[in-house]
Amino acid sequence: MLEFLKSNWSDILAHIAQHVWLVAISIAIAILIALPVGILITRKKRLRGPVLGIANVMQTIPSLALFGFLIPLPFIGGIGPRTAIVALVFYALLPIIRNTVTGILGVDANVREAAVAMGMTDRQVLFKVELPLAMSVILTGVRVAVVITIGVAIIAATVGAGGLGEYIFAGLRNNKSELLLAGAVPSAVMALIADFGFSVIEKRFEPDAKRIATSRQRFLRGLAWATLALTIVLMGYATWRGMRSSPGSSINSAPVTIASKDFTESELLAEIVAQMLESKGVAVNRRFDLGGNLVHTALLAGEIDLYPEYTGTAFTAILHHVPISEPKAVYDQVKRDYAEQFKVEVGAPLGFDNTFAILVRGEDARRLNLKTISQAAPHTKQWRAGFGEDFKNRADGYPGFARAYGLQFIQEPQQMALDLSYTALASRKVDLIAGNSTDGRIAALDLVQLEDDRHYFPPYEAVFMARQDSLARVPALREVLQKLAGAISTDEMRKLNYEVDGAKRDKKVVVREWLVGKGFVQ
Amino acid sequence: MSQKLNPQIPLVEFRDVSFAINGGASIIDQLNLIVSQGETLVLLGESGCGKTTTLRLINRLLSPTSGAVLVESRSTTEWDVIALRRRTGYVIQEAGLFPHFTVAENVALVPMLEHWEKPRVDDRVREMLALVGLDAARFADRYPRELSGGQRQRVGVARALAADPPLLLMDEPFGALDPLTRASLQKEFAELKSRLGKTVIFVTHDVREALLLGTRIALMDKGKIVLLERPESFVKSSNKLAQAYLETLKTDLVLAP
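As given, the protein sequences belong to chains W and L, one line each in that order.
Position 445 of the first sequence, counting from 1, maps to 445 under our numbering, and the rest follow consecutively.
Position 135 of the second sequence, counting from 1, maps to 135 under our numbering, and the rest follow consecutively.
Next up, chain L with everything else stripped away, as it sits in the complex:
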């Protein structure tokens, strides 16, 4: 299922994008960013820095106040919004699974909306569950409340990938999990995404997660990108905020027995 990748083609592009609510202070301020096919861009920053807003501008849960967000070279405001969203996988914290749907029904959501044939949907659900490490025979007919947090998040990822979208948006998907589960899911996801070759835009406030998963890290502060680097350059950056983040990493290590 891996797609032909061309790192030179921009999949998502922000052109002078600002966003404010009802004429208030800018949440996103003159943002410029190009995300190429196949890369995993991590938006790193504290709460309120605008990273989630940036993500939501891409699948037009929000529209820019000024400037343009381009997906596959087309402004999001020109896209048919439903088509845009169905081509964009979306995973959020707590997964947002439908409590009244079974695991299989949750995963099958977008294929069903796209009117796939039933056998094809069933195959796809089994395939996706296997991909995220869940045994379809055991889990397909369960309801979300019967799953652990980690299992729910796996279903969330499976649901986002089900219709094979070229772009995956993830908003702190592992944020609410316990440390051990989070670590194993991060590792599995890192393998998964390199296998699938999706373009991923990933929001986190965890610098360790950013370094592990990102091909590039965009450090955000007050609605702007203050640093945009590959992980190996990021750790050497002289940027104060970046150093503060890296400092927490060292503290962690020092405190570790």
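Bound-form chain W, shown alone:
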């Protein structure tokens, strides 16, 4: 852990600063919107219900759904901090609006009446009496908004906005606790500091607070100001670092933006194209790690130029066709539909499938001379099986699979976490599992994939999805994709995955070595 901190402190600091920036900008914008709106609806009683209702609904929208909705929108959408900030502002509005209303309406009726009767104008009543007296309540709203925003900003990493979420998601994916902690601890501390700092500042604005500060209050106030100063320094550092690390290469200045989904294989494939383009002198923007199907949305919106996809996913999840098992037919249909519906070109298959892989121990396969699932079927009466939740329950998973091959196990297959099923198989707790065909552990644990000789599983061939206009604009892109046709075998992909997930090596280095070995780059 200490080692990790030592070698990454500047990176962690930069992520913290990014996070603080996201929160600070979002809160500033939210205040600029929420305060006037809040004031307005204390004046216009009829607007109060609808406005608070809308703000309430905004807050209940799941953040990932909101990002998916925002990405294709012009001006406020897209990939990167802008989208994240729009979403964060949405979430911050409600507490500030609500507390502005509560604070202003909570001003003593006698005081307000006196203010009006003294001949204050509406504006004077607002600025000299209502706002100062409501300030501590409004600040409580801002405090709540800040704490919420610090939390939600973690999700912002899924749209490529950076921040501490990058650590948390990377940590979750790779099961690395130091990464998880590097993201979670600073954000938790940040939330606590914000909560505490605002509570001290609020006290200052309480109309009934004692003006004469005790030494303890002076200390707290000093601490609050110190926190504020630290925040500003961090933001300055982030800005400086941001400007230094990308000298003029903002999102739009690089000719090609490559994205990936949020798992190792997808990132590796994207990195392969990125390095090949760079070796041809084409500047590349990396937008890796996008969650869910945000990549597809981003591709259609023109936020990115290409990303790696699987034909089966495109066929069922995006085009909503009923699964079929003939790889060529799936590929052709996807290619046709993408060209017509999306103006997206589907590149040639890269040479491997990432489908469900029916796995047995290597020693069993050799002893019983098993190559296909059909050959294994008679043995299953003596076998136990363990499946991940996904495979066990979906219609095109275990139920259909067992029927197609006439499988019967000693007992009902156990449901277990997909990751655990590999070790369960290797350690003889179960005898057959369904993994991913390109998982690096297949080779590492001496497992054997049985061939789907009845073609039950739909094909999940890896391909690149590239915008037609991007291919026209950057000729080098087509050259690279042509070179990659059929270039990666399932074995090679397993090895690459293992280098990263198993041997914990750096993705860029792994990709670089593979490209050199293939002779794709010098």
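Derived from the structure by calculation, the hints contain no laboratory data.
Using N, Cα and C, we set each Cβ at its ideal position, and we do this for glycine too.
Be careful, since some hints might not be right.
[Stated by the list, open to error] Beta-carbon label-pair distances, calculated as ranges: (1) W:K44 <-> L:H115: 55 to 65 Å; (2) W:K44 <-> L:A83: 25 to 35 Å; (3) L:G133 <-> W:A229: 23 to 33 Å; (4) L:A83 <-> W:L40: 24 to 34 Å.
[As the list claims (entries may be wrong)] Calculated lysine to any residue pairs in the SDA-like style (CA-CA distance at most 25 Å, straight line): (5) W:K128 <-> L:L113; (6) W:K203 <-> L:P99; (7) L:K250 <-> L:D221; (8) W:K44 <-> L:K250; (9) W:K371 <-> W:P399.
Since the structure of chain W is provided, determine the placement of chain L on it from the hints.
Just chain L, lined up with the frame of chain W:
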């Protein structure tokens, strides 16, 4: 600072004034009343009789449903409402002091709104605090919560008088004070107002207070003035409601040891 008084000039006049909220029952019903310069008119009555509403019609916190309220011979609806209110001192129960302002800032409010020069404002604040019996050196920088109820009410009066308005509206200003404080403030205020010569319209439900402070007493019931008399005639009135009020005074005396 006393102004030239002319008892013949009406400062406030109600002409057939009615007031109702959203077409409901009348809270003020066909009210006619003339308040002359320099007098102290007390509006006496039970809660809900319309006395506070009457007061609030004068500085246009409310506008009449029908009829007209004239201040210095001009209808309140024709006045620039801000100018009208700045010429009208207003003191309410609990004072309504601004909790985030010091005593000095509270008193300085209207002069500041009127953009007086700073030294003039400071002088005025000291003068006003002295007038209501508060030592400026001790009280100017305190906040309202650091004062007793009586002191707060004195600041309230000082604030209302600060811009030297010809008209002072007071809505049960001493109502929430303990009896001793109330008695001494009533006495001081009686002296103060005769010295300043302001026109005062004073709302109370306390007949003793009405008799002590009023040059005339308007007894109100169900939105109407049922009796309008000088104090010396008021005590002799045959009006039932007036007698009921005077009765409480006697009871008080009987019960007193």
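To see whether the hints hold, each was checked on the structure:
The hinted window of 55 to 65 Å between W:K44 and L:H115 is violated, with their beta carbons roughly 31 Å apart. Separation of W:K44 from L:A83 is about 27 Å and conforms to the stated range, judged on CB atoms against 25 to 35 Å. Distance hint check for L:G133 and W:A229: the Cβ-Cβ separation is about 48 Å, which falls outside the suggested range of 23 to 33 Å. The given range of 24 to 34 Å is respected by L:A83 and W:L40, whose C-beta atoms sit roughly 27 Å from each other.
Taken as a hint, the W:K128 and L:L113 pair is honoured in the structure, with Cα atoms around 11 Å apart against an allowance of 25 Å. Of the pairs offered as hints, the one joining W:K203 and L:P99 holds, with about 15 Å between alpha carbons and a cut-off of 25 Å not exceeded. A hinted pair counts as satisfied when its Cα atoms are at most 25 Å apart, and L:K250 with L:D221 qualifies at roughly 22 Å. About 51 Å separates the Cα atoms of W:K44 and L:K250, which puts this hinted pair outside 25 Å; it is violated.
As the CA atoms of W:K371 and W:P399 are separated by approximately 22 Å, the hinted pair is consistent with the 25 Å bound.
Comparing the model with each numbered hint stated earlier shows that hints 1, 3, 8 do not hold.
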